[in-house]
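*Asks:* So the chains spell out like this:
Protein chains: 2
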Amino acid sequence: MKIHEFTMAPNPRRVRVFLAEKGIEVPYQQVDIGKNENRTPEFLAMNPMGRVPVLELDDGTYLAESVAICRYFEEQQPEPPLLGTDAKDRAWVEMWQRRMEFGLFEQIAGCFRNTHDYFKGRLPQVPEYGNLCKQAAIERIQGLDGELAGREFIAGERYTIADITALVAIDFGRLSNIRIEPEQKNLARWYQAVSTRPSAKA
Amino acid sequence: MKIHEFTMAPNPRRVRVFLAEKGIEVPYQQVDIGKNENRTPEFLAMNPMGRVPVLELDDGTYLAESVAICRYFEEQQPEPPLLGTDAKDRAWVEMWQRRMEFGLFEQIAGCFRNTHDYFKGRLPQVPEYGNLCKQAAIERIQGLDGELAGREFIAGERYTIADITALVAIDFGRLSNIRIEPEQKNLARWYQAVSTRPSAKA
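For the record, the sequence lines run as chains A and B.
Residue 1 is where the first sequence starts when you use my numbering, and the numbers rise one by one after that.
Residue 1 is where the second sequence starts when you use my numbering, and the numbers rise one by one after that.
There could be a bad hint or two in this list.
Given that identical chains are not distinguished, each listed pair holds provided it fits within a single copy or across any two copies.
Claimed, not checked - Calculated lysine-lysine pairs in the DSS-like style (CA-CA distance at most 27 Å, straight line):
| no. | residue 1 | residue 2 |
| --- | --- | --- |
| 1 | Lys2 | Lys88 |
| 2 | Lys120 | Lys22 |
| 3 | Lys35 | Lys88 |
| 4 | Lys22 | Lys2 |
| 5 | Lys88 | Lys22 |
| 6 | Lys2 | Lys201 |
| 7 | Lys22 | Lys201 |
| 8 | Lys185 | Lys201 |
To be clear, the hints were calculated from the coordinates, so they are not data collected in a lab.
Looking at chain A on its own, in the form it has when it is part of the complex:
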């Protein structure tokens, strides 16, 4: 078993943090997106979408999509639960994970893809759209500050995959100058808590 990934990209970090929380160690193999190593025929045979990470299982299965990889490991090793504890809680955690994914992570990624020099000349960029994404991310961050007034973590009193998605998104946002504001005290308290867990270094 190994994971094909790129340390600098945000999606692979979601899986690394998830595995660190579980205490699971998997060998990593780097795929340099900056050198288009994710566009080679060999890589596209593993994942036709050209995205990292990809989990290679011992039976030769290639499993892509960060959250699908996380779900695989959650079932292999349920403790500590990061995707919820019973039917209702699993749906609740999925709701918050998806809110963080669509409302925050995808907006921050959309801003980066459409405005940052890293992709200039490599992807078609629409800066006007990137700026709308940035605005949406800033509004979601403000909303999150209010939501965190009443609870310790994003989906409730327990650390979950929703916190991982939000942490990785917010750290990724720095590259686009999207940040937690000083007056967002609840969010700052949450960020302090999740970013100092040992898993955050993964």
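Knowing the structure of chain A, use the given hints to seat chain B on it.
*Replies:* Coordinates of chain B only, in the frame set by chain A:
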């Protein structure tokens, strides 16, 4: 228990088809997005994101996000399995569901939101970005035709949530003139199979 939804919108249809496949009946209450009924204080108290569908449970919990709602019902009534049958298969189905969601559904929705008259004056539109979404959707549809050469359904030999997401996306694509091309025989065969299941009318 009831579901707050809008029959004309694509995300609620994903849940309706899912429930029809399970044979589960839940009362529906309409929220007219065209009249901004999803922006009222009452609706935002249920779902601060202002999105449909929202599942209202008998204990007063409001569960949003289509796939989270589907997961809730999958656990309440596992048969027929639409999210996979064991740990590896559940991850595999999630991978394909997410590929259909990000590569197809979100691209078609991005095209509609940014180019269609329905949202003119209601949302900031960036037609140049919408056209990129359309191109990405057309390429993913072409990829899907190749993938369906070797199997009956999107995630393998069994109908799953990945087929539901793709069916709803492709039907929604008509509004943006995104269609299955006559030469895409595998995709046409799949579409014929999934769109004639009784659940497709839900």
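*Asks:* Against each hint, give a clear statement of whether it holds in the structure.
*Replies:* Now for the hints, and whether the structure bears them out:
| no. | hint | verdict |
| --- | --- | --- |
| 1 | Lys2 x Lys88 | between (32 Å within a copy, 15 Å between copies) |
| 2 | Lys120 x Lys22 | neither (37 Å within a copy, 47 Å between copies) |
| 3 | Lys35 x Lys88 | neither (43 Å within a copy, 31 Å between copies) |
| 4 | Lys22 x Lys2 | within (16 Å within a copy, 36 Å between copies) |
| 5 | Lys88 x Lys22 | both (22 Å within a copy, 18 Å between copies) |
| 6 | Lys2 x Lys201 | within (19 Å within a copy, 43 Å between copies) |
| 7 | Lys22 x Lys201 | within (14 Å within a copy, 43 Å between copies) |
| 8 | Lys185 x Lys201 | within (23 Å within a copy, 48 Å between copies) |
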